[in-house]
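Make the full structure from the sequences, and use the hints.
Listed in order, the protein sequences are those of chains S and Z.
Counting in the numbering used here, the first sequence tops out at residue 327, every number present.
Counting in the numbering used here, the second sequence tops out at residue 325, every number present.
I should point out that these hints are in silico values taken from the structure, not numbers from a laboratory.
Even for Gly, the Cβ is constructed at its ideal location relative to N, Cα and C.
A few of these clues could be false.
[Unchecked claim] Counterexamples of contact, computed for chain Z against chain S with all Cβ distances above 12 Å:
#1 Arg35
#2 Gly114
#3 Leu184
#4 Ala244
[Claimed, not checked] To give a feel for the contact side, a few chain S residues facing chain Z, derived at Cβ under 10 Å:
#5 Thr64
#6 Gly75
#7 Gly108
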Amino acid sequence: MSAATCTYREAMRQALRQALADDPRVFLMGEDVGRYGGCYAVSKGLLEEFGEDRVRDTPLSESTFTGAGIGAALGGLRPIVEIMTVNFSLLALDQILNNAATLRHMSGGQVSVPLVIRMATGAGRQLAAQHSHSLENIYAHIPGLKVIAPATVTDARHMLAAALADPDPVIVFEHVMLYNADGPLDAVESVPLGGAAVRRPGRDVTLITYGGSLPKTLTAAEQLAGDGIEAEVIDLRCLRPLDDATIMASVGRTRRAVIVDEGWRSGSLAAEISARIVEQVFYDLDAPPARVCSAEVPIPYPKHLEDAALPQVDGIVAAARGVLGRG
Amino acid sequence: MAPLPDAGTAHALLRHMLRIRAFEDACAEQYSATRIRGFLHLYNGEEAIAAGIIPLLDAADAIVATYREHGHALVRGVDMGAVMAEMFGMQEGCSRGRGGSMHLFDAATRLYGGNAIVAGGLPLTVGLALADAMQQRPQVSVCFFGEGAAAEGEFHESLNLAALWKLPALFVCENNQYAMGTALARSEAETDIHLKARSYGLASAAVDGMDLLAVREAAQTAIDHVRGGHGPYLLECHTFRFRAHSMFDSQLYRDKTEVARWRARDPIDLFEREARSLGLLADDARTALQAEVDAEVAAAVAFAEAGTLEPVDRLTHDVYTDTPA
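Take a look at the structure:
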């Protein structure tokens, strides 16, 4: 059903354009989203198309423009807040955690916060320790939020609409290394907000990943296939809630799991998934779950050290061979 | 400018303040009786601010308040029984008992908390005002916050953004002189909060927050400014809390003579005296009102006592909107 290909960036821009065109309550705000066109050029052209009222450049005030998004959602709008990167989202974490995530429950169900917050995440561009974080696990830890990480062009094109249709706050992680990636834009009308996708079927080992690690994991699966190892690749897509059913069905069948996660290992999403696998399908396992995560260091600037710090294809292949006893 | 209230309004204003005072005193009692737990921040002494401003708002205007917000909820019209039941943690409470003292919500009167992170309500107010502006609604969004918030980044970010986008937001600084135990002069180089607003391009004023008529007049000017499309406004009200910061505070940081000096300017007494001298209140009006208010508070306590606990199987309801109700 592949109709065409485009880049992840273009797919996301199409999604934004459609959202703005379809619903007058939708608006985009964030740093440099308008005149500059977005720091990753995702929103380029939208200011000209939709005007200053609906594509709003904000001051460098992450906490306040994120809180203003929450307030605007309470006031009946459907804001899309763009925080340049997850690194800066820490300045808005209070608003996200203490307001967006709590208001519904704390008010006894009186109000909802239909807010979408987009942010770039991840390393790989030699941006050093303060611009290379992968902190999806922090947001996935918080009840009241939904967290998605579209990893394909088709998901980038359609998951935003699903996020906007959701009555609760949704955090969208866009990995910086995906923006330039070309891929098929499947001719589908929509994709759901939740639920993992099996990106590659296989019988020998399940590789579980999300976001920017998906292309590396698929490459690793290709290499393993050359060795006669058929890896199944699961793209989590939604990091909160996690799709336990898809994970367990696959691992229950392959009996082996490797989790690939660009977050630091300790307290990572990979740790959570590993725990769930052990809790739910322990007796189906032929080997302990393995994790391929980032080294526990601030991400360094030079290319060779950055590469060494991040999950890479070789490491994924080695981990898969390890759980198969072919290390 | 707000004209002097007529006799009926004066009566209503005194009633608002007496209701708050009696309610807060009852809360302190119920706290001692361990029926109210957690943090409890009382509004005694600051009544003229909520009573001076909130009655001037339209029903469709929005209010964002702090964790010292019982008075705002009561003046806004949230049922006193529902507020007390909230303190008791009962599901008949205005937030289903889940929020407690610091998180009173009432969607019907557009009361958006009850926010317990200092300055956290200012960005929400900016957003509520933005929603009104973008939807061409003539509403005003009012944010109440303490002077301690002026030290937080969100105060500055929010004033800037509200002024930049010329939003219909009214920021009311309830300057009660102490951020918990830290006197304003010990934390701010510039202690005139309303002057800080000027540097962001907001219109602003300061007023004696113990003088209800002065607050009311200043608030009307501020509301007219905001509703008239002239952008945001900051009103600083100088006030004093008569009680401790919360129920865990032995008040070692402030001198008894300072407390006595402010207590001598009790906003309820001041207003009663002035209204009587203007012929707006009968000499026995307060006594009659007090009896009425005491009965309402007793009924609110009884309502809370008769409240029911939310079943534990509902614990996870409303974490998300689509959780089955």
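Handout entry: Distal placement of Leu184 of chain Z relative to chain S, Cβ over 12 Å
Key = Label holds. Min Cβ-Cβ 23 Å, cutoff 12 Å.
Handout entry: Arg35 of chain Z remote from chain S - nearest C-beta pair above 12 Å
Key = Holds, because the least Cβ-Cβ distance between Arg35 of chain Z and chain S comes to about 19 Å, which exceeds 12 Å.
Practice task
Mind checking the CB of Thr64 of chain S against every CB in chain Z and telling me if the closest is under 10 Å?
Solution key: Hint holds; Thr64 of chain S Cβ to chain Z Cβ min 4 Å, cut 10 Å.
Problem - Cβ separation check - Ala244 of chain Z to all of chain S, threshold 12 Å - result: holds, 24 Å
Problem - Interface hint for Gly108 of chain S, Cβ within 10 Å of any Cβ on chain Z - result: holds, 3 Å
Problem - Assertion that Gly114 of chain Z lies outside the chain S interface [Cβ separation over 12 Å] - result: Violated, since 8 Å does not exceed 12 Å.
Problem - Residue hint Gly75 of chain S, partner chain Z, criterion CB-CB below 10 Å - result: holds, 3 Å
Hint 2 alone, counting from the list given before, is not met by this structure.
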